[in-house]
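Asker: Chains as they are written, first to last, in the numbering used here: chain A, 1 to 100; chain B, 1 to 329.
A portion of the hints provided could be inaccurate.
Below, a list of computed lysine to any residue pairs in the SDA-like style, where the Cα atoms sit at most 20 Å apart [what the hints assert, rightly or not]:
#	chain 1	residue 1	chain 2	residue 2
1	B	Lys78	A	Asp46
2	B	Lys323	A	Val60
3	B	Lys318	A	Met39
4	B	Lys323	A	Arg61
5	B	Lys169	A	Arg50
6	B	Lys169	A	His28
7	B	Lys169	A	Gly54
8	B	Lys323	A	Arg38
9	B	Lys169	A	Arg51
10	B	Lys78	B	Arg176
11	B	Lys323	A	Asp36
12	B	Lys318	A	Asp37
13	B	Lys323	A	Leu41
14	B	Lys169	A	Arg45
15	B	Lys169	A	Gly20
16	B	Lys318	A	Arg38
17	B	Lys318	A	Arg61
Computed footprint of chain A on chain B; a stretch qualifies when at least three of its residues, placed anywhere within it, have a C-beta under 8 Å from a C-beta of chain A [unchecked claim]:
#	stretch
18	88-96
19	310-318
These are calculated hints, taken from the structure and not from any lab test. By construction, the Cβ of each residue, glycine as well, lies at the ideal position given by its N, Cα and C atoms.
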Amino acid sequence: MSDTQAKKGGWPLYEVFVRGKRGLNHVHVGSLHAADDRMALTHARDLYTRRNEGVSIWVVRSENIAASTRDEKDPFFDPSADKVYRHPTFYDIPDDVPHI
Amino acid sequence: MAALQTDSTTAADGTPPDLAQRFDDTIARDQRIEPRDWMPDGYRKTLIRQVAQHAHSEIIGMQPEGEWITRAPSLRRKAILFAKVQDEAGHGLYLYSAAETLGADRTDLTERLLEGRQKYSSIFNYPTLSFADVGVIGWFVDGAAICNQVPLCRSSYGPYARAMVRICKEESFHQRQGYELLMTMMRGTDAQREMVQDAVNRWWWPSLMMFGPPDDSSPNSAQSMAWKIKRHSNDELRQRFVDMTVPQAEKLGVTLPDPELRWNEERGRHDFGTPDWDELMRVIKGDGPCNTERIERRRAAHEEGAWVREAAVAHAAKQAAEKQNGAVA
Numbered sequence: 001m002s003d004t005q006a007k008k009g010g011w012p013l014y015e016v017f018v019r020g021k022r023g024l025n026h027v028h029v030g031s032l033h034a035a036d037d038r039m040a041l042t043h044a045r046d047l048y049t050r051r052n053e054g055v056s057i058w059v060v061r062s063e064n065i066a067a068s069t070r071d072e073k074d075p076f077f078d079p080s081a082d083k084v085y086r087h088p089t090f091y092d093i094p095d096d097v098p099h100i
Numbered sequence: 001m002a003a004l005q006t007d008s009t010t011a012a013d014g015t016p017p018d019l020a021q022r023f024d025d026t027i028a029r030d031q032r033i034e035p036r037d038w039m040p041d042g043y044r045k046t047l048i049r050q051v052a053q054h055a056h057s058e059i060i061g062m063q064p065e066g067e068w069i070t071r072a073p074s075l076r077r078k079a080i081l082f083a084k085v086q087d088e089a090g091h092g093l094y095l096y097s098a099a100e101t102l103g104a105d106r107t108d109l110t111e112r113l114l115e116g117r118q119k120y121s122s123i124f125n126y127p128t129l130s131f132a133d134v135g136v137i138g139w140f141v142d143g144a145a146i147c148n149q150v151p152l153c154r155s156s157y158g159p160y161a162r163a164m165v166r167i168c169k170e171e172s173f174h175q176r177q178g179y180e181l182l183m184t185m186m187r188g189t190d191a192q193r194e195m196v197q198d199a200v201n202r203w204w205w206p207s208l209m210m211f212g213p214p215d216d217s218s219p220n221s222a223q224s225m226a227w228k229i230k231r232h233s234n235d236e237l238r239q240r241f242v243d244m245t246v247p248q249a250e251k252l253g254v255t256l257p258d259p260e261l262r263w264n265e266e267r268g269r270h271d272f273g274t275p276d277w278d279e280l281m282r283v284i285k286g287d288g289p290c291n292t293e294r295i296e297r298r299r300a301a302h303e304e305g306a307w308v309r310e311a312a313v314a315h316a317a318k319q320a321a322e323k324q325n326g327a328v329a
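Chain A on its own, in the form it takes in the complex:
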């Protein structure tokens, strides 16, 4: 919680992730404020699943999420940029080879 929010009696920010149905990953759907984890879960249910949008919810305090930097040209992602041989299209296989 930021200092200004705490001073004003505000609740910390949580990020909400919903599993739409069995077989799918949890997906980030938005955020909300709640005093604690349990309240965050019930608020998330009321806010993000009013029409059967989910079968499971995760909530996590926003301040506990670590994220990569915002720069698109971040060298952080460089290791994947120059490895074309990781893709199946990198390999030439004659057309008459079946099932490959």
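Chain B: place on chain A using the hints.
Answerer: Showing chain B alone in chain A's frame:
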């Protein structure tokens, strides 16, 4: 919140030109700007203003119809109205959530609304005099909101566009329940039909004003369209709403209160009269029929809920302390 939120430190004058260029390119390619991307200060400020205003409108918008929950004529109508008003609260919260990704603070946004430093839609400053108003709000006001909001699903700012997708899905229920309510009343007594026509007469012009001032006096529109925050002009959206609503009014059997309203064969669209722009300006400036009442009500709810917010924080702290002690012991 450092990890997920925006960082505006590079938005000052010392912006490296490649950041500005990348922003422009992203907009030009019709791709989305995301929270942690660099963006011009003006873009951020415009968005915070628009998204906050939109959120406030949803929150204040709970009041005109909420007044009818206890007086709904059947359990079915009451349940529907409850669900609708709850949706409005939800829409407000999706939008506050989007505003917060831009670095806005929730508590601060609420204060700005209560102090009149941020606006909400002029339409919610009109009173709901009969139950037919609930139907007409669903039909006109939510119909107009759909015209406005469907293009916003492609707004250039990702979190705003995603909130709008969610909202638009729910808005269709709002419009349809309103129209169905009116159809039911139109099949009733003469008195009920008169109530519907009276509500239509009162809400038509304020609904047209919801799209904002005409294009030639809408100062922020051009820049918002260049940034693709907004996709169509006020006048274009207003025209779409009229074209959409006229055949619905015919089906319903009501008259729209505009003597100049007629089909223009040449344009393939309807001609219609000019809303009273002076009235719109008065309502926006705070002098509408219900401005004071709406804000007073919102302020009372906020102040009367303060102890709940504080108690929840105290409870959370106590639970956390007990958990920690338990772990130690």
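Asker: Hint by hint, note whether the structure agrees.
Answerer: Hints versus structure:
no. : hint                  : verdict
1   : Lys78(B) to Asp46(A)  : holds, 19 Å
2   : Lys323(B) to Val60(A) : holds, 18 Å
3   : Lys318(B) to Met39(A) : holds, 14 Å
4   : Lys323(B) to Arg61(A) : holds, 18 Å
5   : Lys169(B) to Arg50(A) : holds, 12 Å
6   : Lys169(B) to His28(A) : holds, 18 Å
7   : Lys169(B) to Gly54(A) : holds, 16 Å
8   : Lys323(B) to Arg38(A) : holds, 14 Å
9   : Lys169(B) to Arg51(A) : holds, 11 Å
10  : Lys78(B) to Arg176(B) : holds, 15 Å
11  : Lys323(B) to Asp36(A) : holds, 13 Å
12  : Lys318(B) to Asp37(A) : holds, 13 Å
13  : Lys323(B) to Leu41(A) : holds, 19 Å
14  : Lys169(B) to Arg45(A) : holds, 18 Å
15  : Lys169(B) to Gly20(A) : holds, 16 Å
16  : Lys318(B) to Arg38(A) : holds, 14 Å
17  : Lys318(B) to Arg61(A) : holds, 18 Å
18  : 88-96                 : holds (count 3)
19  : 310-318               : holds (count 5)
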